[in-house]
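Please build the complete structure, drawing on both the sequences and the hints.
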Amino acid sequence: MILAVTGGKGGVGKSTVAYNLGATLDAVVVDGDLGMADLPAGRGPDLHDVLAGRAAPLEAVREHGPVALLPCGRSLAGARAADPTRLVEAVRTVAAQYGQVIIDTPAGLRCDAGLPVLAAEACVVVTRPTRVAISDGLRARELARILDTPLARVVVNGVERARVEGPPDDRTDRIASALGGPVTRIPESPVLAAAQRRGRPVGETAPESLAAQQFDALGRDIRRTLTGP
Amino acid sequence: MATLDWHCRHRAGVTFVELVVTTAVTERIRIESELTPVWPPRREGVPLEGWDERGYEGIVSPEGRTLLGYATPADPADPPASLTTLSPAPTDAEDLTPEATGRENLGRETAHSSPELPSPDAARSLAPADLVRTLGRAAPPRDAVPAPRPSDPPDPAGIPADGAATDPVEAWLDTVESQLETVEKLGAATTTAGVRAGVADLENARVLPERLRSLERELDTLARVHRRSKRLRDRIEAVDVPLCTFERTT
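In order, the protein sequences belong to chains A and B.
Throughout the first sequence, residue numbering follows the working numbering, covering 2 to 230 in sequence.
Throughout the second sequence, residue numbering follows the working numbering, covering 58 to 307 in sequence.
Here are some of the chain B residues that sit facing chain A, going by a computed Cβ distance under 10 Å:
#: 1; residue: Glu101
#: 2; residue: Leu183
#: 3; residue: Pro185
#: 4; residue: Val189
#: 5; residue: Leu192
#: 6; residue: Gly193
#: 7; residue: Ala195
#: 8; residue: Ala196
#: 9; residue: Pro197
#: 10; residue: Pro198
#: 11; residue: Val202
If you want the ones that stay clear, here's a sample from chain A, every Cβ over 10 Å from chain B, calculated:
#: 12; residue: Met2
#: 13; residue: Gly66
#: 14; residue: Pro67
#: 15; residue: Leu152
#: 16; residue: Arg164
#: 17; residue: Val165
#: 18; residue: Asp171
#: 19; residue: Pro208
#: 20; residue: Asp217
Partner residues aside, some chain A positions facing chain B, computed with beta carbon under 7 Å:
#: 21; residue: Leu77
#: 22; residue: Ala78
#: 23; residue: Ala80
#: 24; residue: Pro85
#: 25; residue: Val89
#: 26; residue: Leu110
#: 27; residue: Cys112
#: 28; residue: Asp113
#: 29; residue: Gly115
#: 30; residue: Leu116
#: 31; residue: Leu119
Hints were generated in silico from the structure; no laboratory data involved.
Note that CB positions come from ideal geometry on N, CA and C, so glycine has one too.
Okay, here's the thing in structure tokens:
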């Protein structure tokens, strides 16, 4: 299974969702967007090396952390030397070996946003309950629609805890309708933020928290959507 | 049978080859360049559809003429390329999009424009290269990246370390700065917790005296580098070579 986690520009929590979904689904997370650049990744080839043909995709997968990670490239020179068209084959190679791959996909409409969506079997659009984030989410949704990549789930991040604990409300319905997919809400959560800062999945640091439970549910719903009844 | 006309221009060491293909029937053709290497027309860094390292292949139709162009560092030749008909009129299943007929290869806007989404029909059979052409590359501009110095020895593993600067001077300055930061943090601590955190950064309190001595040695090196940089800067600013005169005489 190859999933592209897409959505708006900085702050919606796309990388947090990609990372935690990677933990829940036992997937390799490919960091296509510098989102996990703070995580200790050790020495070795990264995505730029793979895209420039200097390293095989499987050589760049780091398994030592709680979530297997293919880290992003971090240099301007590396970004120029990388051939973006190699991403599709690279991701398929990793998926063939590991089973599940999640790609943390940059925002926008350039090829670095389009290629992960093209490579993926389905996408997850991450947004927040704000006008700007939803409008960015709509653009990501449109790109996926044009590239014929189905939407597996909409994740609304930073929702007030009380709303997440309660039943789906009007606002959730409106977002689901606008983006054209079922919604999972993730609460505004200091525990989640602390876990992400430490580079651990919240399911490991606070498994009883509401955020961890929502990620578990997200993983189950996505599996059900993609593998069928 | 399609016919080929051509025109070559040679400018600044590059030959620009303009080809005109005329045909009475729709057919698939192959153009092989006699001049190598071929520098094909590109969009967003990706060669346009139909082009490869030896020439072009595509469908031409009797409506109008098909214009194709490429460049090469080789000197002009007469003819610069040869044309072969591969097959007659294509069947209905053949791709007759403008990309394949080559009609749009010249005159297409090459300056970067804002990315446009492909139409859903076009997107269904997209190859990654097509997507790069349509949506645009996300790479930083050429002048944002310093050109590699020819004297740099290649990294033996061919793989730069994660997060490390590729410039050795930058790498050295980064190391000095990070050593300094740990010492400064310790010096600024005013609480027991702060001191403990500072010592934890050092990994081991016993290394502190050695760290201080190392920073003193760096002080000397930094002073020498500073004086030499200043001399080089002054010399660069004093360079006065009349470029136009040289261009005219060579």
